[in-house]
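*Asks:* Take the sequences, apply the hints, and build the full model.
In case you want the letters, here they are:
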Amino acid sequence: MASGSEVGEVAAPIEGALSGISSELSVRGEVVSIRVRPEDLREAAERLLRLGFDHVKAVTAIDRPGEGIIEVVYHASSYGNPGLTGIIAELRTSVPRDDPRVPTLTEIWPSALYQEREQWEMLGVIFEGHPELERLLLPEDFGGPPPLRKDFKIPTEGINA
Amino acid sequence: MGALGWILGLLLSPWVFVPLIYPGLVSAFAVLLFIIWFERKLAAKVQRRFGPYYVLRHLGGATQLVADLIRYLFAEPIIPEEADALAFVMGPALLFGLTLLPVVAIPVSGTFYAIRSDVSLLIVLALLTLGAAMTLIIGWAGNNKFSLIGGLREGFLSMAYEIPLFVAALSMAAAYGTLDLVDMVEVQAETAWGVALNPLAAFVFLVISFLATSRFPFEISEAESELVMGPFTEYSGIMYGLTMGASYLKYYVLCLLFSIMFLGGWEPVPPQLAAVPFGPGVVVFAKALALMALGVFLRAVYPRYRVDQAIRLAWHYLLPLSVASVFVSMGAAWLGLTGA
Amino acid sequence: MSGAGSGERTLELLIGPQHPASGHMRLVAEVDGDVVVRLRPDIGYVHRTVEKIAETKTYLQTIPLIERPPLADTANHNLGYVMAVERLLGVEAPPRAQWLRTLLAEMNRIHSHLYGLGIHGIMLGSSTAFMWAFGDREIMIEMAKRLTGARITYSYMIPGGVRRDLPPGFAEEMEKALRYLERRLPDYDRIFFSNPVTRARLEGVGVLTREDAIRLGVVGPNLRASGVAYDVRRARPYAAYPELDFQVVTRSEGDSMARMLVRVGEIRESIRMIRQILARMPDGPILAERYAKMIPPKWRDYVRETGRIKFPAILASLRPPKGAEAVSRVEAARGEAVFYLVSDGGPRPYRMRMVTPSLRNVVLFSHLTRGCRVADIPAIYGSLDYFPPEADR
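Chains as they are written, first to last, in my numbering: chain A, 1 to 161; chain B, 1001 to 1340; chain C, 2001 to 2393.
There may be inaccurate statements among the hints.
Listed next, the in silico BS3-like pairs over lysine-lysine satisfying Cα-Cα at most 25 Å (straight line) [to be verified]:
| # | chain 1 | residue 1 | chain 2 | residue 2 |
| --- | --- | --- | --- | --- |
| 1 | A | LYS150 | C | LYS2057 |
| 2 | C | LYS2322 | C | LYS2057 |
| 3 | A | LYS153 | C | LYS2057 |
| 4 | A | LYS153 | C | LYS2322 |
| 5 | B | LYS1045 | C | LYS2176 |
| 6 | C | LYS2322 | A | LYS150 |
| 7 | C | LYS2052 | A | LYS150 |
Bear in mind the hints are in silico, worked out from the structure with no lab data behind them.
*Replies:* Here it is as structure tokens:
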């Protein structure tokens, strides 16, 4: 099993690759977490891609109304580089909740295409430059606010009402 | 008594008997009811299921198709608003009728037939091609994209299979030196069965009879996973029943033709049947049915080809093979094998 | 007839959601004659808002929820979720529980692959492949029932362990089942995999190159059929996988045939793995000490005798530390499943992200069908083993 030191070994080149970008690095199990500012997101992703993180496993937006932010988290890893397959790079950034705009990473990681679209639909995060920010999972006539935001009221019926 | 005798005489006269009873409508229905049940039962056997079971359980659900027929009869036939109503309604009836039409030129025995013509083979082949045109019209009438594509596929396929079919059939005519189906059987009785004289033509004819009637692996124009039900997508009730039956019917006609051309027709006639005028027909019927059983068994064996693959098969392989079969026939005739 | 730009040459074909071979989705295909110009998958018809519902349920209640979308492949997703919860809580399941989890995960992989092969069969028109696969899948369902008490949705893995121990006589019964499956695979080969028609339909159809597979983030057998030897069980081994001997099945062709054959190879590997697991299963408890000692004393004898866990009350109100986050990935049958859990210290997940293999494979629909034939659409669809409820969640 890959040990923590292995992750630590990878953290160093990641840190090196991200030099010049203001970022915070932390290691959690197999995950190397990198926090960047939204304007540095593209640059950081490009450098990670060059390092060998060739695909995105998950795109997650997290609504944090208490802090007035929405966090956008990309989990990237590698298929092509055997040294990196055991590592997950967690690229995260925060945007203000009332104007959640981040640049899309679909040009860098085409694997983020559908998941960015889903997070746009579910949390209202606007991925600027995304080729098709259209409804994906919700019904066409869905009118409410983005449903995965914390202030979305779940309509109940029957015994729970 | 006189009236009954007159009716019986009328029914047993070849001009009524052939189109109406055998090999026409009544036996065609019997074949449909049997062969579809048999197909389902056979596929179920291969696939470790029971197949039809509950309708007449002691006979393995043998009357399942009767129940299905009744259900089709009483189901509401829906005519889509956007469809061309006349073509939509007439399509299945004409398809069914035209597909059955060739049987009028198929002889039951050497002495019992509705039409004896010295070109009866050509009559059967010509009437056989009419069905495909109806399928095209049906595909267009439903005003459904899947129907349209299915109809077009049928059109492309019929273009591809009809030439080799004709050539293979005519190569046998060359071998026997006649276009008359009755004479063909008689030549075979004197020499050998067509399948031995010209196995190549028999092979081509057999493969094309699968191709022309949507048997697997050529179940292409209806391909459920691609086109829902192909040209027949919009049909319901008995109209659907007719369209579904039509392909089996065409297969039945082709198998009758194959039995006559390649399997010696009604020869050898068992002596018990020789006395009845239409008795020898039972032999042809049995041969055709056995051949149909082979065709429906393929459902359990093969997936389906793509339409372009089937068309390529017909043009690239079956057509040259059918042409080659003409030379085989000529060789057989030259060697005197056909006695001509 | 569809319009702008493409002129009047093309026809827009709406395949699904009411179509025999569309599954619960719609494929919007633009066809020029028999050639597909463009195909767009329209998913979401079976969206169940799993991620939102998870925010209203406790960590334990979320387990059955997770199992609903990937229906033929519940155990692997159950495992992925439970691994993430355990990471949040800092619990680890005892070795025997790890091996039991691996056992069920591999049984489920066989079941899911047979399901996928059957669907692929009927999409090509081979009803025999369909009926056989769906019949033989019953074997693994029955064995799973003996192990867990449920046929499909086992909810077998719980934080800290598993619900039930191995029933007596299980190994012998399983050996019979595996021998039967091994006998059947050559039959499948004769009637379906090596059938000339199947090969004509699948070879060279829907070719995915290695570069595209990596770029598009494809997962599972679809990825390995394109020559990428990525398997979470190897890349980041979990449960009992570090101690098992198995091959990562790969092929280099990248076509529909290769994708199918990788699944067949994986069935064989899973059979090998199940044998190893049953032969080398360690003894010991099946629930982490931390929770086992909270089982009420009056139930302890029952648990010891029957091997069935009575849930201690703590499981109903698990509270991971505030701000804790965990990512887990498992190799589910259809590919890699990723779970990302965020805790706010409460009894419910603050955010539960579930990325299923099918969601990551959606992208292949438009990629692989460009320029293919209309009849290739079901052939490619089936080869992806795509499962709409799993993608929609």
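*Asks:* All hints, please: hold or fail.
*Replies:* Do the hints match the structure? See the list:
{"no.": "1", "hint": "A:LYS150 x C:LYS2057", "result": "holds (14 Å)"}
{"no.": "2", "hint": "C:LYS2322 x C:LYS2057", "result": "holds (17 Å)"}
{"no.": "3", "hint": "A:LYS153 x C:LYS2057", "result": "holds (15 Å)"}
{"no.": "4", "hint": "A:LYS153 x C:LYS2322", "result": "holds (24 Å)"}
{"no.": "5", "hint": "B:LYS1045 x C:LYS2176", "result": "holds (24 Å)"}
{"no.": "6", "hint": "C:LYS2322 x A:LYS150", "result": "holds (17 Å)"}
{"no.": "7", "hint": "C:LYS2052 x A:LYS150", "result": "holds (9 Å)"}
Consistency with the previously given hints is maintained throughout, with no hint failing.
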